Every structure is written in C-alpha cells, then in structure tokens.
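Going down the list, the protein sequences come from chains H and Z.
For the first sequence, the working numbering gives the first residue as 1, with consecutive numbering after it.
For the second sequence, the working numbering gives the first residue as 1001, with consecutive numbering after it.
Treat the hints loosely; a few may be bogus.
[To be verified] Simulated pairs of lysine to aspartate or glutamate, DMTMM-like, Cα-Cα distance not exceeding 25 Å: (1) H/81 to Z/1066; (2) H/84 to Z/1177; (3) Z/1248 to Z/1206; (4) H/84 to Z/1066; (5) Z/1164 to Z/1206; (6) Z/1137 to Z/1173; (7) H/189 to Z/1206; (8) H/81 to Z/1073; (9) H/84 to Z/1062; (10) Z/1036 to H/125; (11) H/85 to H/72; (12) Z/1036 to H/130; (13) H/93 to Z/1007; (14) H/189 to Z/1062; (15) H/84 to Z/1076; (16) Z/1248 to H/123; (17) H/93 to H/165; (18) H/60 to H/170; (19) H/85 to Z/1073; (20) H/81 to Z/1058; (21) H/84 to H/110; (22) H/189 to Z/1155; (23) H/81 to Z/1155; (24) H/189 to Z/1007; (25) H/85 to Z/1058; (26) H/189 to H/165; (27) H/85 to Z/1063; (28) H/85 to Z/1076; (29) H/60 to Z/1062; (30) H/81 to Z/1206; (31) H/60 to H/23; (32) H/84 to Z/1063; (33) H/60 to Z/1058; (34) H/93 to H/154; (35) H/60 to Z/1063; (36) H/81 to Z/1062.
What the hints contain is simulated information worked out from the structure, not anything from laboratory work.
Bear in mind that the values here come from a model prediction, so they are computed numbers and not experimental data.
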Amino acid sequence: MSDEETDMSKPQELSVRSGLSLEPDPWAPSIRSVAQSSDRQAFQRLYAHFAPLIKAFLAKGMSARMDRSVAEEMTQEVMLKVWKKAGSFNGSKASVNTWIFTIARNTRIDFIRRSQRADRTIEIEDIWHEADSPEPLVEMQQRRLEVIVRQALDTLPVEQALVLEKAFVESLSHNEIAEALGLPLGTVKSRIRLALSKLQILIDR
Amino acid sequence: MISYHPDSRFLTDFASANLQLSEAVCVSAHLEFCGKCRAHVQQLTYIGGHFLARLQPETLAEDSFEHLMGRIEAHESSAQSVSGADLSADYGGSSRSVGNTQRTEAARGGASIPLPRALRRLSQGGLQNLGWVQLGKELRVAPLPIEARVHKAHERETAIYDIKAGGRMPEHEHRGEEITVLLRGSFSDAEGSYSRGDFVVRNAGEAHQPTATLDMDCLCLVSLERSVRPRYWFYRLLEPLVQYRLHKVMSRNLPA
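Using the sequences provided together with the hints, build the complete structure.
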C-alpha cells in the first residue's frame, strides 16, 4: 500500500460516476485547485509528494545513458509542466500518478533527443499526445481498470513484475530487457504478455 | 474496419516510450484510427503510474521549490507582456485545434488527406509541400527526416508512399522489419488486403508486392529497418540513383 492511500490528513475526493464508485484519488483536488485558481499551496503539496518520486524515476531511467545530476533539473521541467497543464488533467481517465508519469516519460525522451542533437522534425507531444480519448463509455470504465491494474501488479510473480519495471521505470525496450537479463527476446515477450493478461490488459497479439 | 494492430511488444514499448521514434510515429498514427489500441495504451500507462508511486523518493535540493516558483513567476510576467497565446502553444495547451486544421489541409486535386498528428510539424503546409521522388508512373515517395542522425546502429527510414489507384510496387524483399500504416485507400498483397488504419508488419526475409486497389490512390506511412532490396534487376540498377535522389529530397523536408 502506498502512503497516499492510508494518510487521511491528505485531501480526499470520491469520484462517483453513473453509479460506478471508485476509490478516491487523493491528489485530484490539488491538481484542480492549481488549474482553477493557480493555488500555490496546493502546488507545493503536489511538489513535496511528487518531485522526489519524479527525480527517482528520472534517475533510474537515465543512469546508463547520462549524468544523474540532470535528474534534478528535469524534475523541475516536469513540475513546471504539471503547473502549466493542470487544466488538461482528466480525472475520469487516469489518476494523478499516471498523469504525472506520462509527463515525466515525455520529458525524459525529449531530453534524450535534445542531448543527441536530433533534428527537431517531430514534437514528442505530437506522438504521445493526450489522445482524442476513447469513447465516453470506455472512458467511464478507465479508472476502474486502473484500480485493477494496480491491485494485480502487487500480486504478480517477481520475474513478471521485474520485466515490467525494466520497461516502465528503467526505460528499456523488449530487446534491451532481453539483453540485460540474458534472455531470448521471445521469453521477454511472453513474460510481459503473461503479466499483461493478469492485469486484464488483453491485447490480441 | 481495422484488422491489423500493433502487437503487445509495440504497444508496451510505445506506452513506456522505448520505441525508436520512427516506429513510435507509426504506432501513434495507428492510434488515431483505433480506439481499441488507444484504450490498451491507456491501460499500459497505468503500470507506469503505479511504479512511479512506489519508487523510493530521492531528495531534492533544499530550495528547489522556491527556485521553480521563481521560474514560473518569471514566465508568467513575461507572458503577460507578450501574449498568452504563445505560452499555451509552448506547453501544448491548445494543440488540438492546430491538429484539426492540419487534417483539413487539401492536397493533390483538393482531396482532403488525413495526415497523422505526429507528422504535422514536418508537413506544415500539407502533403503537397513535402519533397517527393517519383518512381515510375504509379509510385511517389516522400522521405521523412525522422531521427536521421540518431541510432546509427539500427537506423530506420521513414517515408510516405503514394501509390496510384491500381498501381503496383516493385516486388521487394525486406532485410529488416517494415511497418506500414495505411492512411488512405487500401492495398493488397499475397498475404491479404489492408485498409485505412491497418498496422502491417513484415519481417526480414519476407518478400511481397503490394498493389493499390483500383478505385483509389493509396497513401501509406512506412518505417523500414534497413533499405529494401528490390528483386527486379531494373530497380536494383536504379537503386544508387534512387537512394541519392531520396536523400537529397529528404534534406528539403526538414522544417525551417
């Protein structure tokens, strides 16, 4: 259990939609306060909680590729975007955790590209955009699916959780995971597929 | 009706942002057509959100929050003196409307061509402003300069193929993986027929000869792991020249 679930002193909100009751996202009200009234105290609470997590995330994902000291600088970039984009947060689609993950992920890949002096022909945010979302009906179920993913992740066998962590935190592709663990690519792929089916992410192929 | 989708490897590597950019552009283009895969990618990002929440926090510099607030205040006061619109563009705040304008761009006889959002910066004025290389009567190719200088080890080539209705591509064999996303029209090869939105993957060693359907031009986004070797001696003879022309045109497709 993560701390925001047990700490009742933190702001709480119950999201109920069309009779579907979900557990509260403790950080959604703070994001909304930032969006609606540029609430600096709410932002400071978000910063105190998320900035150290973002820094850890960025440091883990880049340790092999670059100097860890940039993690601090990039954390600021991510939090700056949280401030600017708070209005686009959609609580029925994903939790604040997931929303901030996507911002950190995009910032990381943008940073890697800049450091490689790639031609700026493509904007990262045009590839990983906050999509023209799925149909409303699907969206209503999204947060419930998120709860399923989170609960199932906690019960995954260690070797399945490990490959997912390598992908999402350490920023390794299937090929790189295979290399890092000394496994055939097919094994990595089937391990991930097995894990995803337990998370009820049922991709046909 | 979309029948071909990216597999779990593509979707997972996309959601964790570990695909090469050229592949990611193809997945992103498919997602614009496919609500089912969009929902899968959304589910996959939950994994990232959960891992983020469970990390061991790392301490930041003591004054880091004040430092950030200083930057925000500086941004906001300069934004007020210039214009608010620039700021929202900077941070992607109002990007959706730009995407819609792009979609209505007419090209080639006024037909509306839906270009993927990922390509909107490259194709600023629409398809007609891209540099094209005509290869025979039926096929023209616009090479896209995506990460041309990065990932030398496993370099990919990205291009838009425009095949005239009923036109045939030269039969070719792949030395590496080829991804094709159909943006308009449809085509078929010995393996099957493909329509708008389909995400088709061909692996090294597979040979095929795609043919556009008779009634409509076919527009595809293609990402190649390495250059494709045409089987016809004629095309093989042409290859160095074609390569040279493609390369020259590609540098024209860099945005100013």
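Verification of the supplied hints:
no.: 1; hint: H/81 to Z/1066; verdict: holds, 16 Å
no.: 2; hint: H/84 to Z/1177; verdict: violated, 39 Å
no.: 3; hint: Z/1248 to Z/1206; verdict: violated, 29 Å
no.: 4; hint: H/84 to Z/1066; verdict: holds, 16 Å
no.: 5; hint: Z/1164 to Z/1206; verdict: holds, 24 Å
no.: 6; hint: Z/1137 to Z/1173; verdict: holds, 21 Å
no.: 7; hint: H/189 to Z/1206; verdict: holds, 22 Å
no.: 8; hint: H/81 to Z/1073; verdict: holds, 14 Å
no.: 9; hint: H/84 to Z/1062; verdict: holds, 23 Å
no.: 10; hint: Z/1036 to H/125; verdict: holds, 21 Å
no.: 11; hint: H/85 to H/72; verdict: holds, 20 Å
no.: 12; hint: Z/1036 to H/130; verdict: holds, 15 Å
no.: 13; hint: H/93 to Z/1007; verdict: holds, 23 Å
no.: 14; hint: H/189 to Z/1062; verdict: violated, 42 Å
no.: 15; hint: H/84 to Z/1076; verdict: holds, 10 Å
no.: 16; hint: Z/1248 to H/123; verdict: holds, 23 Å
no.: 17; hint: H/93 to H/165; verdict: holds, 22 Å
no.: 18; hint: H/60 to H/170; verdict: holds, 5 Å
no.: 19; hint: H/85 to Z/1073; verdict: holds, 16 Å
no.: 20; hint: H/81 to Z/1058; verdict: holds, 20 Å
no.: 21; hint: H/84 to H/110; verdict: holds, 17 Å
no.: 22; hint: H/189 to Z/1155; verdict: holds, 23 Å
no.: 23; hint: H/81 to Z/1155; verdict: violated, 32 Å
no.: 24; hint: H/189 to Z/1007; verdict: holds, 10 Å
no.: 25; hint: H/85 to Z/1058; verdict: holds, 24 Å
no.: 26; hint: H/189 to H/165; verdict: holds, 14 Å
no.: 27; hint: H/85 to Z/1063; verdict: holds, 23 Å
no.: 28; hint: H/85 to Z/1076; verdict: holds, 14 Å
no.: 29; hint: H/60 to Z/1062; verdict: holds, 21 Å
no.: 30; hint: H/81 to Z/1206; verdict: violated, 45 Å
no.: 31; hint: H/60 to H/23; verdict: violated, 29 Å
no.: 32; hint: H/84 to Z/1063; verdict: holds, 20 Å
no.: 33; hint: H/60 to Z/1058; verdict: holds, 11 Å
no.: 34; hint: H/93 to H/154; verdict: holds, 21 Å
no.: 35; hint: H/60 to Z/1063; verdict: holds, 23 Å
no.: 36; hint: H/81 to Z/1062; verdict: holds, 21 Å
Comparing the model with each numbered hint stated earlier shows that hints 2, 3, 14, 23, 30 and 31 do not hold.
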